[in-house]
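Chemist: Next come the chains, spelled out residue by residue.
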Amino acid sequence: MVAMNYRGPFRVRADRNRPDPEILHPNDAIVRVTRSCICGSDLHLYHGLVPDTRVGMTFGHEFTGIVEEVGPGVKNLKPGDHVLVPFNIACGTCPFCRQELYGNCHESNAEATAVGGIFGYSHTAGGFDGGQAEYVRVPYADVGPTIIPPGMDLDDAVLLTDVVPTGYQAAEMAGIKTGDTVVVFGAGPIGIMAAKCAWLFGAGRVIIIDHIEYRLDFARTYAQCEAYNFKSLGDPVLFIKKTTDYFGADVCIDAVGCEAEGSTMQTITGRKLMLQSGAATALHWAINGVKKGGVVSIVGVYGPTGNLIPIGNVLNKGLTIRANQASVKRLLPRLIEHVQAGRLDPKGLITHRVPLEEVSDAYHIFSRKLDNCIKTILIPSTAAA
Amino acid sequence: MENITENVVNEHSHIKGWGIDADPANEPTYPMKMYTGDDHRRMNYERPPMQPKNVEILQSNERPSLPAVFGTSTPPTGLSGKIRRYAFKFSEGSWGHWLPLMLADRVNVVEGIVDDLKQGYVPNIFKERGWNAEWKYNRNKAIQKIAIGVAVTSFLLTVLVYRKDNKSSN
Ligand SMILES: NC(=O)c1ccc[n+]([C@@H]2O[C@H](COP(=O)([O-])OP(=O)(O)OC[C@H]3O[C@@H](n4cnc5c(N)ncnc54)[C@H](O)[C@@H]3O)[C@@H](O)[C@H]2O)c1
Ligand SMILES: [Zn+2]
Ligand SMILES: [Zn+2]
Chain Y
1 MVAMNYRGPF RVRADRNRPD PEILHPNDAI VRVTRSCICG SDLHLYHGLV
51 PDTRVGMTFG HEFTGIVEEV GPGVKNLKPG DHVLVPFNIA CGTCPFCRQE
101 LYGNCHESNA EATAVGGIFG YSHTAGGFDG GQAEYVRVPY ADVGPTIIPP
151 GMDLDDAVLL TDVVPTGYQA AEMAGIKTGD TVVVFGAGPI GIMAAKCAWL
201 FGAGRVIIID HIEYRLDFAR TYAQCEAYNF KSLGDPVLFI KKTTDYFGAD
251 VCIDAVGCEA EGSTMQTITG RKLMLQSGAA TALHWAINGV KKGGVVSIVG
301 VYGPTGNLIP IGNVLNKGLT IRANQASVKR LLPRLIEHVQ AGRLDPKGLI
351 THRVPLEEVS DAYHIFSRKL DNCIKTILIP STAAA
Chain G
1 MENITENVVN EHSHIKGWGI DADPANEPTY PMKMYTGDDH RRMNYERPPM
51 QPKNVEILQS NERPSLPAVF GTSTPPTGLS GKIRRYAFKF SEGSWGHWLP
101 LMLADRVNVV EGIVDDLKQG YVPNIFKERG WNAEWKYNRN KAIQKIAIGV
151 AVTSFLLTVL VYRKDNKSSN
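Here the protein sequences come in this chain order: Y and G.
Residues in the first sequence are numbered consecutively from 1, following UniProt numbering.
Residues in the second sequence are numbered consecutively from 1, following UniProt numbering.
Mixed in with the good hints, there may be bad ones.
Claimed, not checked - To spell it out: a stretch of chain G is covered by chain Y in this simulated footprint if at least three of its residues, at any positions, have a beta carbon under 8 Å from a beta carbon of chain Y; those stretches are: (1) 12–20; (2) 33–43; (3) 55–65; (4) 99–105.
To be verified - In silico DSS-like links for lysine-lysine, alpha-carbon gap of 25 Å or less: (5) G:141 / Y:272; (6) G:141 / Y:369; (7) G:145 / Y:369; (8) Y:292 / G:33; (9) G:141 / G:164; (10) Y:177 / G:33; (11) Y:347 / G:16; (12) Y:75 / G:127; (13) G:33 / Y:329; (14) Y:369 / G:136.
Unchecked claim - Which chain Y residues face chain G? A few, computed with CB under 7 Å, are given here: (15) 91; (16) 110; (17) 139; (18) 173; (19) 175; (20) 311; (21) 347; (22) 361.
The hints are simulated quantities; they were obtained by calculation from the structure and are not laboratory data.
Every value quoted in this text rests on a predicted model; they were computed, and no experiment measured them.
Glycine is no exception: its CB is placed at the ideal position from the N, C-alpha and C atoms.
Whole structure, please, built from the sequences with the hints as guidance.
Modeler: In structure tokens form, the structure reads like this:
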């Protein structure tokens, strides 16, 4: 089959001769991919920042597809079903899954205990080949995969596998109270969706901060929020203080993660010398910009070794920090309602539709933020078969 | 308080679904939301059937056994595989675990090129790096990069030739 093949930092290609996936467990399914996305999280792999990313792996954790084959233990799915597949691999029965912490399943990641298995996300997330391919193995097929509701656009469906739930959960974890001022760092798909969802929770004011102008423009219209360029703000923390009568934002959301720009010290120690797991610039700003007793909600991804953050200020200000991988399955019923009612318009984020064969260019465009790219989907030639 | 809320509602009437998920009872919110106490029972739950193990899987030493399913992509091989096996002697909280893994990732890149060549395939590194797209959407940067490349190469060549000339004239 054709599948994306990781060859090293900044080097990926589509190969034609990759082996087809097989059923390896009674509860597996094989899915023929109809849409798959490139995510900001994939960029951390692409840039070589996630430990135990092996050459030859296929990435891709956001995909929809048609069930081709099911293992003998699968009860809820049958060949021909068109499903959207949450990015978390979750068993549904361990104590963590029973608390709906589907991103923290205890039965899907051999290599690390902090996080559950994630499709196509290095061996640190379980060593599963992902969905930037024609076919993919889907473990625990009765748990995660959800039949796409009749009439739902595939482009909307594929964004329900990660972007929408992650943005929504960022706002949910922020514990927004009616009228709150919410500051979102990062105007990528995740930050823009978080800003949009903050309104659903009753935010009074939503501000998004980034440094890429086309993304700020996009966010202003798409998420109907204020948007500012941190390069022209000078000190973003001071800006947040001034615009909130020197109180600080009620909540701050980090939708940037470990590849943040904006601080020379963080960039050198985090991204060049790798003395910390990436640059924690946005998290720094979030902690310092939020009010006393406020909440910092983190969905931006950081590596496992550790980061330089002002933990003393967390203590002195009495902050609550909430963070996790999105628990996709938990949120799907509500989010499907929101999409069907037109309150959320996921496919509006898609700017690039690219054949799977052109995966090298697609990664480069998204990584370098070229051609006004917000969200890219890859379409295998077998999608329509 | 009521007045403030009323104003907030009116100000946001243009946003579809504004406040629809606002819920003062949403405390504590996720990830505490669905706490069941189940985790006090530790491993005493009905585990899914185990996936048969047919390839080498490196297992975190913070786990008692393999999980019921695991990924079988790219098992450890070669020198990078040796380094990875060493890394898994250390727990996830230790630099001894992550630094060797980062080193193994870099070694693995060289192994990948050797593998490609062994299979008679010469990797087109420019294409893999998305240079087509760079040329199309970021031409000035691309030209700049090429110009720098050419300048550096010609400088090095000049130095080499100059040295050779000097040597032969001696
Ligand atoms: N928790 C989860 O479940 C989950 C799921 C998906 C993605 N993520 C993470 O969310 C993050 C964002 O993903 P994305 O797809 O939107 O990526 P993206 O790369 O498209 O967006 C990141 C944005 O942050 C901006 N940025 C850089 N430094 C900044 C700073 N200091 N302040 C403000 N903005 C800054 C960049 O310009 C970019 O627009 C990534 O770290 C990704 O790994 C987490
Ligand atoms: Zn993602
Ligand atoms: Zn589980």
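Chemist: Are there hints from earlier that the structure breaks, and if so, what are their numbers?
Modeler: Hint check: 9, 12, 20 and 21 fail, others pass.
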